[in-house]
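A.B. asks: In order, the protein sequences belong to chains A and B. Quick note: to get this note's numbering, add 2 to the position in the first sequence (first position is 1). Quick note: to get this note's numbering, add 2 to the position in the second sequence (first position is 1).
It is worth saying that the hints were derived from the structure and are not from the lab. Check the hints yourself; a few may be wrong.
All copies of an identical chain are treated as equivalent in the list; a pair is satisfied when it fits inside any one copy or across any two copies.
[To be verified] No farther apart than 25 Å at their CA atoms in a straight line, the calculated lysine-lysine pairs in the PhoX-like style are these:
{"no.": "1", "residue 1": "K98", "residue 2": "K333"}
{"no.": "2", "residue 1": "K288", "residue 2": "K96"}
{"no.": "3", "residue 1": "K305", "residue 2": "K30"}
{"no.": "4", "residue 1": "K96", "residue 2": "K327"}
{"no.": "5", "residue 1": "K327", "residue 2": "K98"}
{"no.": "6", "residue 1": "K66", "residue 2": "K288"}
{"no.": "7", "residue 1": "K142", "residue 2": "K208"}
{"no.": "8", "residue 1": "K66", "residue 2": "K327"}
{"no.": "9", "residue 1": "K54", "residue 2": "K69"}
{"no.": "10", "residue 1": "K327", "residue 2": "K142"}
{"no.": "11", "residue 1": "K78", "residue 2": "K13"}
{"no.": "12", "residue 1": "K13", "residue 2": "K98"}
{"no.": "13", "residue 1": "K30", "residue 2": "K239"}
Residue-level listing of the chains:
Protein chains: 2
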Amino acid sequence: MPEIRQNLVTKDWVIIATERAKRPEDFKKREKQKIELPEYESTCPFCPGNEKEMSPDETLRIEKNGKWQVRIIPNKFPALSKTGERIRTVDGIKRKLTGIGLHEVVIETPLHNLTTALLPLEDVRNIIKSYKMRYNEMLKDKRIEMIIIFKNHGEAAGTSLIHPHSQIVATPVVPAQVRERFNDAQKYFDENFECVHCKILSEELKDGSRLVFETKHFVAFIPYAALSPFHLWIYPKRHCSSFGDITEDEISDFAVNLQTTLKKYYYGLDDPDFNYVIRSAPTDLKNLDFFHWYLSIVPRITKTAGFELGSGMFINSSLPENDAKFLRDIKI
Amino acid sequence: MPEIRQNLVTKDWVIIATERAKRPEDFKKREKQKIELPEYESTCPFCPGNEKEMSPDETLRIEKNGKWQVRIIPNKFPALSKTGERIRTVDGIKRKLTGIGLHEVVIETPLHNLTTALLPLEDVRNIIKSYKMRYNEMLKDKRIEMIIIFKNHGEAAGTSLIHPHSQIVATPVVPAQVRERFNDAQKYFDENFECVHCKILSEELKDGSRLVFETKHFVAFIPYAALSPFHLWIYPKRHCSSFGDITEDEISDFAVNLQTTLKKYYYGLDDPDFNYVIRSAPTDLKNLDFFHWYLSIVPRITKTAGFELGSGMFINSSLPENDAKFLRDIKI
């Protein structure tokens with residue numbers, strides 16, 4: 003008998019269709035596309051040497067051994083315009099806002115053919131450090147209400163450029179979905195006198211069956227109502243609502259946790275395409291008791307179809323406890 | 003300057019990134035995979051002759067010229083179990099429900115190599131008729147709260163079987179997303195004394211710039227805040243909250259509207275992969291003043307990435323008015 007599990011945070015229902023379940027090994031890439039990539043590609047706008055000709059002015063640079071290791075630049079085809087005012091207009095059913103905001107690209111390494119799982123640990127630390135620095139800089143822009151840091155790895159995850167990179171989009175609105183989750187988390191706090199995320203974290207640590215990897219400050223686990231196979235959350239243990247408040251000590255620890263988790267995917271599932279996103283509080287809200295920032299990883303090894311689009315419910319063909327055990331057992 | 007448009011029903015924001023805009027022609031399939039398919043495939047579980055051996059007992063059949071034209075059968079690998087009771091359990095953060103419900107497949111034609119755009123109109127009418135019959139039959143099951151009728155066309159839309167088919171899933175819960183939209187629609191009604199969908203429909207008819215195709219009883223249009231290129235809604239003109247209440251006259255007209263719209267996709271965008279879904283009211287609610295059933299089509303010609311996953315906001319690289327004009331101008 004399948005189970006329908008409810009996500010305590012979002013109230014979303016997920017059908018855990020155990021009768022359709024595959025073994026974790028079945029999610030490995032069918033056709034290994036082991037194309038050997040070069041370290042440098044002359045036509046790549048992110049490779050060293052192409053900085054001036056092909057990419058606009060950088061907003062941040064972290065150096066290593068006298069050369070850049072991380073560069074952040076404005077997206078050449080930004081979804082939002084950097085300049086302009088935030089103006090709302092209503093005309094009958096047509097409600098709109100000027101598309102202002104920031105859209106930047108984080109070039110994670112000078113090497114064209116690497117990925118987070120394979121970088122030196124120090125480089126991963128620098129990537130997270132660069133996220134924090136730009137996050138806190140963007141916070142100062144009064145037009146911005148939300149900052150979304152995310153990575154698209156591989157074609158199925160929506161990227162067109164191979165060179166390792168992530169993105170930061172700062173929007174002049176709080177997305178409806180984010181606001182709803184916030185309202186729900188606040189209600190949970192009002193009713194239970196505790197943060198729903200802290201509650202989840204303590205229960206997951208006690209239960210243990212969905213844990214993947216624990217470090218001093220972070221816990222990687224498969225959520226009880228995971229939306230899809232190997233969907234995973236990394237929670238900071240310290241209650242904190244804004245990613246921008248991550249400490250130096252936590253950055254180092256987060257780098258270990260994130261990279262180890264990504265290594266487990268890389269070796270266990272043969273470098274699957276994935277997205278990750280940092281879910282942090284809207285920028286106008288500080289030190290919230292009821293919300294906890296975290297990172298969510300979604301491997302793109304299955305496809306969403308009409309059922310998901312039409313209901314917002316998901317069918318997960320994999321048992322979260324099995325996925326967690328599989329990843330836990332992969333030793334790096 | 004890009005625009006951020008708000009969907010009046012869902013309150014979702016969509017970034018209309020005009021600077022990234024492509025021409026409609028650019029969305030055509032890059033590599034034409036014109037594989038000639040046979041009318042009959044001996045290994046296909048939906049082809050005539052394979053009924054007994056390969057597919058479980060049918061729940062509905064519509065005949066034409068003494069042979070079946072539409073068959074509905076239980077899904078061989080159902081996401082939900084047909085038998086069992088609806089039992090809720092809570093254990094700390096673990097909230098679940100027995101995975102009971104119905105999951106059926108609508109085999110739309112005996113011919114392996116056709117698609118809705120190319121079927122005789124009578125066959126499309128029979129498909130819609132079969133949806134209505136099963137919908138109203140499933141309504142009688144007291145364990146069911148929601149019935150979702152949808153179609154996955156093509157690999158990018160999540161289907162693995164080529165033979166033309168759609169699916170019906172009846173769930174023992176109202177999905178959180180559906181409930182939120184309902185609450186919002188009810189609030190809109192309370193504040194404005196009218197159905198938000200009726201309002202949208204009358205404004206779209208007046209405006210005209212996003213209309214694609216109008217028949218006696220139905221209107222196909224690109225929503226003002228379309229989530230992705232060529233995202234389209236077909237609304238019935240008569241206010242009605244349940245798809246199950248569609249009349250015979252409306253079924254005939256809906257068949258014309260749906261097929262013509264799908265033909266415009268087929269010829270204009272070179273048979274793109276797509277999902278469609280019928281959004282109807284939860285089954286316990288009848289004759290609602292504030293909700294209107296409709297059909298939503300999402301062509302799968304772009305990919306959602308980390309930004310969409312992490313915010314619920316979408317970036318649409320296509321201007322809804324341009325998409326509407328492009329489809330409007332395709333004469334069938």
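A.B. asks: Could you work out which of the previously given hints the structure breaks and list their numbers from low to high?
C.D. replies: 1, 2, 6, 7, 8, 10, 11, 13
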